[in-house]
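Undergrad: As you go down the protein sequences, you meet chains A and B in turn. Per this note's numbering, the first sequence starts with residue 10, numbered consecutively. Per this note's numbering, the second sequence starts with residue 10, numbered consecutively.
Keep in mind the hints are simulated off the structure, nothing from the lab. All clues given are correct.
Since copy identity is lost for identical chains, a pair holds within one copy or between any two.
Result set (DSS-like, lysine-lysine): computed pairs, CA atoms no more than 25 Å apart in a straight line:
(1) Lys54 x Lys132
(2) Lys186 x Lys114
(3) Lys392 x Lys181
(4) Lys392 x Lys114
(5) Lys408 x Lys357
(6) Lys195 x Lys132
(7) Lys186 x Lys392
(8) Lys54 x Lys114
(9) Lys163 x Lys98
(10) Lys132 x Lys181
There are 2 protein chains.
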Amino acid sequence: MRSDLQNKSQAPEILAAASLHSSYAGQYRQELLDNVLPFWMKHSKDEKNGGYFTCLQRDGRVFDTDKFMWLQGREVWCFSYMYNHVSPKEEWLQMALHGAGFMEKYGRDASGNWFFSLTADGKPLTQPYNIFSDCFAAMAFASLDKAVPNDRYKEIAISTFKNILQRKDNWKGQYNKAYPGTRALKGFSLPMILCNLSLELEHLLGAQQVNELIPPVIHEVMNVFYQPARGLILENVYADGRFSDSFEGRLVNPGHAIEAMWFIMDLGVRLNDTALIRKACDIMLRTLEYGWDQEFGGIFYFMDILGNPPQQLEWDQKLWWVHAEALVALSKGYELTGDERCLLWFEKVHAYVWEHFRDEAFGEWYGYLNRQGTPLLTLKGGKWKGCFHVPRALYQVWKTWERIQS
Amino acid sequence: MRSDLQNKSQAPEILAAASLHSSYAGQYRQELLDNVLPFWMKHSKDEKNGGYFTCLQRDGRVFDTDKFMWLQGREVWCFSYMYNHVSPKEEWLQMALHGAGFMEKYGRDASGNWFFSLTADGKPLTQPYNIFSDCFAAMAFASLDKAVPNDRYKEIAISTFKNILQRKDNWKGQYNKAYPGTRALKGFSLPMILCNLSLELEHLLGAQQVNELIPPVIHEVMNVFYQPARGLILENVYADGRFSDSFEGRLVNPGHAIEAMWFIMDLGVRLNDTALIRKACDIMLRTLEYGWDQEFGGIFYFMDILGNPPQQLEWDQKLWWVHAEALVALSKGYELTGDERCLLWFEKVHAYVWEHFRDEAFGEWYGYLNRQGTPLLTLKGGKWKGCFHVPRALYQVWKTWERIQS
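Given only the sequences and the hints, what does the whole structure look like? Please build it.
TA: Laid out in structure tokens, this is it:
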């Protein structure tokens with residue numbers, strides 16, 4: 010059932026199945042272009058100060074004006090990405106430039122670290138304690154530089170990337186609360202995002218640096234964080250790879266593992282490594298089976314690999330990004346392996362998402378559902394939800410089904 | 010309807026109502042002595058390393074062995090408090106000493122700050138980033154010193170208290186992520202707990218120091234954090250008392266305000282200030298009306314004073330401590346003011362608690378219910394729930410109803 014990656018010919022049964030689902034590409038394309046991007050275009054622009062509002066009520070009204078750097082960077086990335094990949098629409102470019110101008114002017118401290126948050130008018134509110142602010146800033150300026158090549162954007166992207174590499178082994182710095190040495194765990198967020206980031210910056214860094222960065226990350230994710238006995242990926246392990254029987258060590262974040270598996274599949278395509286793609290697809294499917302709520306549907310947010318109570322009180326909630334990433338991973342898994350389980354799971358997650366996350370009345374998707382699948386918060390954006398996971402997933406699913414159907 | 014605080018004679022209608030509820034004192038006494046304290050005696054003692062396990066499954070089995078200093082201190086306090094106030098049982102004293110020995114040996118860094126958490130065998134895990142660890146340690150050793158007077162315990166309690174006073178204006182130190190000056194908010198947790206703590210340490214500090222500490226705290230809580238227009242207490246305001254329209258500034262924590270109101274009522278009794286008691290009782294009742302979930306019952310965990318989505322994903326959950334504190338505040342409010350609304354609310358919260366939080370099968374109370382009132386986590390103890398709020402509330406409610414009925 011595995012498709013040949015060199016030549017995109019598909020087995021006849023896959024083509025038959027795909028033809029039953031010929032509308033997915035159109036459905037996700039339409040959702041992106043007619044619903045989600047217009048929602049952010051309409052509601053998130055801060056005309057007065059520059060930058061974006063991201064704390065948006067169900068109907069798009071702004072309920073908080075703080076500017077969170079993760080989400081500023083992600084929205085710049087998103088609109089420039091759409092400009093680069095979907096269509097060179099002037100309004101998308103202007104929207105990306107609007108956020109980039111604000112970020113460039115106010116976003117960094119004197120050492121070039123990106124603040125976590127600013128006031129509406131750009132005063133620093135929260136210190137640069139979180140290196141993912143820097144990651145999304147680098148992604149933003151690299152993507153914008155592809156749209157409108159500019160030495161300033163290049164310089165911001167490259168210097169931010171270099172700063173991330175310098176800080177990466179101790180990025181929490183003074184804010185790190187762990188006592189040194191007692192339980193030295195490593196997390197898989199940063200290696201994963203660095204891998205993704207280096208791909209985003211490849212036009213600036215060159216293929217060689219990217220090629221050097223990829224193999225150790227694949228090794229870490231697929232051999233160190235991955236636990237073959239359970240078929241699951243842990244969020245944190247000891248530096249030497251051992252399991253830590255602690256809250257952090259037992260933590261499984263199904264959405265994060267699923268997202269990582271489509272990054273790995275993309276790397277598999279780049280490396281023409283079908284075994285890697287197969288393994289990533291299997292882990293993704295196993296994670297979905299493990300993380301799926303048999304009673305109410307949807308994917309749990311956090312779980313404990315030993316079945317103990319997780320410390321996160323939001324563990325049983327259904328989050329938009331988890332489900333958006335699952336749709337991407339399942340589409341890519343189906344495209345690349347032809348595994349029927351991907352199709353069945355895609356249909357299941359698709360049905361859940363369109364029934365529960367999508368807001369027919371006011372557009373965009375809810376971010377946070379309770380276990381039962383009704384909105385826990387009716388916001389469309391907040392401190393952590395912005396213009397990123399939904400449009401990125403819609404684009405990826407659209408394009409993947411377009412390839413499957415072609 | 011207000012009772013005379015000097016002379017405990019009650020109006021006839023209060024006595025009649027109270028006689029209808031003559032069983033509360035006995036019910037809460039029995040719950041404390043036959044269920045809750047035995048549960049912790051049986052399951053939480055770490056015989057090998059000293060100290061207490063607090064991460065306990067529904068049936069008391071230990072699922073995580075880390076030692077969180079808040080909960081170590083609180084359990085030492087609890088067993089010595091019961092020894093001091095209920096009965097000088099040798100097993101309670103030994104249990105308190107068991108935890109205190111571990112804390113004394115491993116709990117502090119070289120500057121006398123209390124770590125946030127340790128491994129089972131006492132290695133530091135999490136730095137002293139949280140001053141409430143120190144508060145509960147001071148409470149623990151002061152209470153133990155009342156049980157078995159000892160210069161070492163006195164010294165630990167007093168030096169910890171002095172250290173808290175020294176650190177109080179910048180207690181987060183290097184771990185503070187707020188950029189200085191942009192939005193300088195103050196919270197009401199620390200003044201409240203310092204007030205409570207000074208009462209706990211009065212035998213060591215002397216009445217004068219305690220009397221100096223009380224009036225500014227009462228002023229802060231009842232005039233600065235309290236918002237008369239809405240009848241609610243905010244968690245955070247600007248240094249000059251202004252409202253901050255931000256996630257932190259809009260935050261209401263009904264359980265915290267309700268708990269604070271019984272601390273204030275206790276201060277009102279001490280100061281013989283009936284107007285203060287009346288005001289605290291009114292704020293408590295208003296907070297309950299505001300925080301009560303009309304659809305499923307129980308008190309919400311977090312709310313936004315402007316009705317916006319709170320940033321805490323656990324906002325709609327029903328937590329044990331919130332409800333335990335409400336039972337105490339309502340009992341005291343009824344005792345001290347005779348306000349019938351306190352009695353009606355007590356009956357309502359009592360019914361909710363005994364139906365939803367209490368675990369008939371395995372003892373103790375669940376800590377975390379979902380909005381609908383079923384256990385979200387079936388644990389009896391964890392990183393934040395230990396041997397503290399439930400036994401303290403059971404004792405307070407028992408003794409208050411004993412006075413009401415006498």
